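Number of protein chains: 4
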Amino acid sequence: MGMWIGRNRKARICYGFDEIALVPGDVTINPNEVDTTFQIGDLKFKVPILASAMDGVVDVAFAIEMGKLGGIAVLNLEGVQTRYKNPAEVLDRISNSSKEEATQILQSIYTEPIQEDLIAARIREIKAAKVPAVVSSIPQRAERFGKIAQEAGADIFVIQSTVSTVRHLSKEYKTLDIGNFCSKMKIPVVIGNTVTYSATLELMACGPAGVLIGVGPGAACTTRGVLGLGVPQVTATADCAAARDEHHKRTGKYIPIITDGGMNKGGDICKAFACGADAVMIGSAFARTQEAPGKGFHWGMATPHSNLPRGTRIKVGVTGSLKQILFGPANLDDGSQNLMGALTTCMGSVGASTIRELQRTEIIIAPSIKSEGKLFQTVQGVGMGK
Amino acid sequence: MGMWIGRNRKARICYGFDEIALVPGDVTINPNEVDTTFQIGDLKFKVPILASAMDGVVDVAFAIEMGKLGGIAVLNLEGVQTRYKNPAEVLDRISNSSKEEATQILQSIYTEPIQEDLIAARIREIKAAKVPAVVSSIPQRAERFGKIAQEAGADIFVIQSTVSTVRHLSKEYKTLDIGNFCSKMKIPVVIGNTVTYSATLELMACGPAGVLIGVGPGAACTTRGVLGLGVPQVTATADCAAARDEHHKRTGKYIPIITDGGMNKGGDICKAFACGADAVMIGSAFARTQEAPGKGFHWGMATPHSNLPRGTRIKVGVTGSLKQILFGPANLDDGSQNLMGALTTCMGSVGASTIRELQRTEIIIAPSIKSEGKLFQTVQGVGMGK
Amino acid sequence: MGMWIGRNRKARICYGFDEIALVPGDVTINPNEVDTTFQIGDLKFKVPILASAMDGVVDVAFAIEMGKLGGIAVLNLEGVQTRYKNPAEVLDRISNSSKEEATQILQSIYTEPIQEDLIAARIREIKAAKVPAVVSSIPQRAERFGKIAQEAGADIFVIQSTVSTVRHLSKEYKTLDIGNFCSKMKIPVVIGNTVTYSATLELMACGPAGVLIGVGPGAACTTRGVLGLGVPQVTATADCAAARDEHHKRTGKYIPIITDGGMNKGGDICKAFACGADAVMIGSAFARTQEAPGKGFHWGMATPHSNLPRGTRIKVGVTGSLKQILFGPANLDDGSQNLMGALTTCMGSVGASTIRELQRTEIIIAPSIKSEGKLFQTVQGVGMGK
Amino acid sequence: MGMWIGRNRKARICYGFDEIALVPGDVTINPNEVDTTFQIGDLKFKVPILASAMDGVVDVAFAIEMGKLGGIAVLNLEGVQTRYKNPAEVLDRISNSSKEEATQILQSIYTEPIQEDLIAARIREIKAAKVPAVVSSIPQRAERFGKIAQEAGADIFVIQSTVSTVRHLSKEYKTLDIGNFCSKMKIPVVIGNTVTYSATLELMACGPAGVLIGVGPGAACTTRGVLGLGVPQVTATADCAAARDEHHKRTGKYIPIITDGGMNKGGDICKAFACGADAVMIGSAFARTQEAPGKGFHWGMATPHSNLPRGTRIKVGVTGSLKQILFGPANLDDGSQNLMGALTTCMGSVGASTIRELQRTEIIIAPSIKSEGKLFQTVQGVGMGK
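Protein chains in written order, with numbering that gives the first Met the number 0: chain U, 0 to 385; chain F, 0 to 385; chain A, 0 to 385; chain P, 0 to 385.
Any given hint could be a false lead.
Here are the in silico distance ranges between beta carbons for each label pair [said to hold, decoys possible]:
| id | chain 1 | residue 1 | chain 2 | residue 2 | range |
| --- | --- | --- | --- | --- | --- |
| 1 | U | E245 | F | R166 | 30 to 40 Å |
| 2 | U | V317 | F | Q114 | 45 to 55 Å |
| 3 | F | E150 | U | R355 | 46 to 56 Å |
| 4 | A | S197 | U | R355 | 48 to 58 Å |
Read the hints as simulated data drawn from the structure, not as lab findings.
The structure presented is a predicted model; accordingly, all values stated were derived computationally and were not measured.
Beta carbons: idealized from backbone N, C-alpha and C, even for Gly.
Chain U with its partners taken away, still in its complex shape (with noise of 0.2 Å):
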């Protein structure tokens, strides 16, 4: 397994969404009755979608929305919202920002303290509208705001970093403790981001109700570039799907896995589904919505990053509502809208009637795009009906 690059040196070839395809199944269902239903802890979600922790896509108000539709939005308890008291005007700046300010602007944003007392503010608000509160951190500040979230009634606390692992080494700080922590918080504790088997199975060994999974995925990522790390994501997936396999062969717990970042288009959902994820998370798609604090414009939280930022502002527009984005009708024939209808079209298609089945569908190593084949095959679909 593997090949050589060098001599004494081999390297596996792993695969992103471009590189593969599904196969149709000799048996279809109508997508109609295919079951789409994602349980992470206790709670079941009918759109296995979570919004990113991003502050161009999730705020108070998208979060409610999010929740009203049956899926989840991750709240950045790091971002503007728990920063500024009135993140609207913040936002406002970011947009109205020219391209070559953006990046200044968002580093001096971002350099206001957390106002801890917004961090319960946030919640409140989003539990009052009965939905699931969903909030995230990095593990350095796991433990202080774990406990405010959990007291101010969060539902979900996610740890999240670039690459997370049970043994960090420091010796000018503190390390998080995962797996006290974990057992020490009463809410379930989903954390990321890793990619690879053995981190996976450590991580899960630590009693999170979630893992997240993707390190720089898709080619054209910043952290590959900057960093030369990452991991496509169908590799990724598939590893870490094996991990919790494992994890549920040993243990009985079933932790879900979310696969996080790469995914462009329902396309590229349905293939992370086929390659072993429970759930998926997605911005830059949520970014695109009327809903979106971001007013159409995206940035990761590596972005203002004052040492080594990764990745910029972006302007991705905005082209519908976050129904239409999940549920249709589709005004544009890309695959970046109506996401749910595209996962159970292709369910229908490949003859699965859960996640579990789409997790075990064929799939195929299959060419990737040419452009000179775009105008002709484009108009190719045929069947008006299913």
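Once you have looked at the hints, place chains F, A and P on chain U.
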């Protein structure tokens, strides 16, 4: 067989037309002396090419001209031809609409109900010209439309949906019993689309006269982007050809397969036959004929889908007469004209005197197109004779 | 050997110049001290490069200059040089025509019949300059033109068509008996094109003095697009070189192979030799010389084909004198000038003192060009000396 | 090992930086606590990065600043610094020339003879700032310049040509005896470039203090286009690292290798170390510093080559100070700034506490960049902390 794409997860590598090429033979044949006959049921055609059941491609006049030239045009029974007494007016609206309006106008035009009396009328108009009438519907309407078409004198009935399987599950609606339908019909039934060995075997056991091959062919296909679904045509055709040969071995019945979609140039058609096709079905190349009702525009039947549209209206332009596209002379050098000339020249060059021999010619995997090489290589053709 | 591209269907992977690179040797040689001699029949040439039999490349004056510089130019006996007493006027019309008119004008110009007395005249004009005269025709006219050419004093006769085989089948016309022709001719006969081991062995058994290698070389080749036909030049050259070596082993006769087409840069020429070529044939690079009759335009002999044209008139521009293209100094850094300087420097770097040694140098498969890397890598050259 | 590229012809697959990625570790480390020390001879450097011996990158002032920051800058003894007493005026002419004039002006500037007294002068200017002086020449001038440099107080002498081998054959001129030169010199000698296991072993046997790795690195490299020559850096570095380890095992002497060229981003540098490099040599990234003498322009030492130029003058722009490029803060997010921050963050993420550990981290082969994925993936970075 297959590559590891992740732990416990293997995937086959599949191929599209751009990845392969054909190899000249040790024997060559005068192109004028090769035999391209295609037989379906008892009908024989000297042009083994079908025009797709798309509204921008086939209307009554086109079907008549195609029949006279020795090929087959499939009239879609669910398009504008059966929804409107005077489809020309509707087609004008489509071709005159702006790029922005097109999808919306298409969506609105296709909400008009199908008038069943027009089904018979269209078929009789085609038959009046003494050429075969070939028509299509989706599985849900096959029972009803098949009966009408047969009574009106249709020669072949085509059942077509994105993915057709013998076992389609639904509690919501009654599914088509394909075997029962095929045995009940007195005219040949062609069914599709499918892409796998096993599904083709199951479909062939139902007794159709032909099977259409192609789901999400080509890498840029909308179905693949939106649903993640699709098998490139080289592999799909070879797999289904193997099913045809296996079915033939088991039952003595040779059921031809028709590769549908993903062919842009004469060379792609040649490759489809080399992969095992008995005939090919083509849309875009014919949408560019003077005879095509789309007047230089082209759209798939999934484009006006109300909830999850795939594909869009595309301007392909008008480049020549149907006769010219099929038999030349070509005034374009891109392989989009004189498709039969390309096919016979290719057969001559590889030394195949029949389509059956072409199906066994040597295929190579060859590097895909590099732009840098274009300038120099375009002019490298030598030898004015063949 | 070969990959499964579908059930019961295997295909070899073939390679083009863009996919490979050469490896520096453990020994290096002063480039001024390597030997590049190419021998065909009893004729020796210090420049192992032939100019293609194309009307935009070779006329009498070009052939004379090429001969003086030590190389070989092939004059096409079926182009404007033998159709028109004063071809300059006709060539002017081609170079002065607009892009839109070009194909039509070419088609009309090539309907003028060939004047046999011009064949002898052109050959005598070349011979008058005391350089070798090398001319070509298609197989159908070889018997007649070969005799005329030989009598007029031609030194080498080239028979060239897209695909040449010993066994060409036709009831319509009489086919050329290649073996008989070669033994009848008193001057060396070069024949092509071919790309396979077996066809090359059959051709060599007919007794030619050389064989041309290349059908649809390069991925963007028109023949490949229009007919689906073609083998990339790395594999074609290596396979036919193996046939040459086998023929040599069996008969003691060494029949050189000439790789024809698909070489854009000095590097591609070096690679062709490394794959086993004894010489290379090039069109476009020479079409850009001040001496070329095309005046910066270039077209293949299949371009004016009346029914199935392949290729088009292309503007390549004029970038330098023939001497400069062959020996430098290069004023462009893209590898299109000083081809012999590139060849000798490459031979020095891999430690090959002769073409025969270069044919055995190490080849690697190396990733194709990525645009992102261009900026930085273009400037990385270090070392002003050798 | 190797693929068949033709009959009787095999080739290894080689890899470049774009084809690979690094995998996060099961253990992670605080980036501030990793050790990046590079040792050559008895000299230790905390920045394992060398600035290339290019005239647009290194002059005396740059070398001094680089030395103060802990790295190494190589001054080319055959560039404008030793040809002109006042190189600033000449450099101005280069940066002020138009794109069209540039190559010609460069060619004319480099015809000025080298003034040997300037060699000693430049070295003394650098030494006056109490930082190491590192200088380079081609093999033909090494004997003469090496002696002058050593006497003037240089700390390291670099011999560099496109391809350096122990066995260079020439009757025309006397070749350098590398082993004799290394033993005669009292300061460490670095030699390059090379890319193969066997050539590296031979060079190391001559007793150099370091070896430069890289011939035609990257696919777009001019050397590869012009000469067909080159090995991608991943494979070249891994192969030569294996030679270093073998030499170490045999002799007990650890001779570091320096990967030179083809690194565009922080990520590429990280990957070079992961492939086995002890240090890296970089040009373009430093050409963009405020301190670089090229004032935003960059050219290779082969650019002004009179007969076979490779590369051209390129505008790279000025994006920050040398300190910023090396240590941040980055105001660009493309990986071209804060190279040391990228390196230490990568080491932390893979759990490597030293360069030697980084050399053994897991590498994967990952799909190359797809443009479609760029928009969405650029913003996917999550986690403001490390």
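Against the structure, the hints come out as follows:
| no. | hint | in the structure |
| --- | --- | --- |
| 1 | E245/U to R166/F: 30 to 40 Å | holds, 33 Å |
| 2 | V317/U to Q114/F: 45 to 55 Å | violated, 41 Å |
| 3 | E150/F to R355/U: 46 to 56 Å | holds, 47 Å |
| 4 | S197/A to R355/U: 48 to 58 Å | holds, 53 Å |
Checked against the numbered hints given earlier, the structure breaks only hint 2 and satisfies all the rest.
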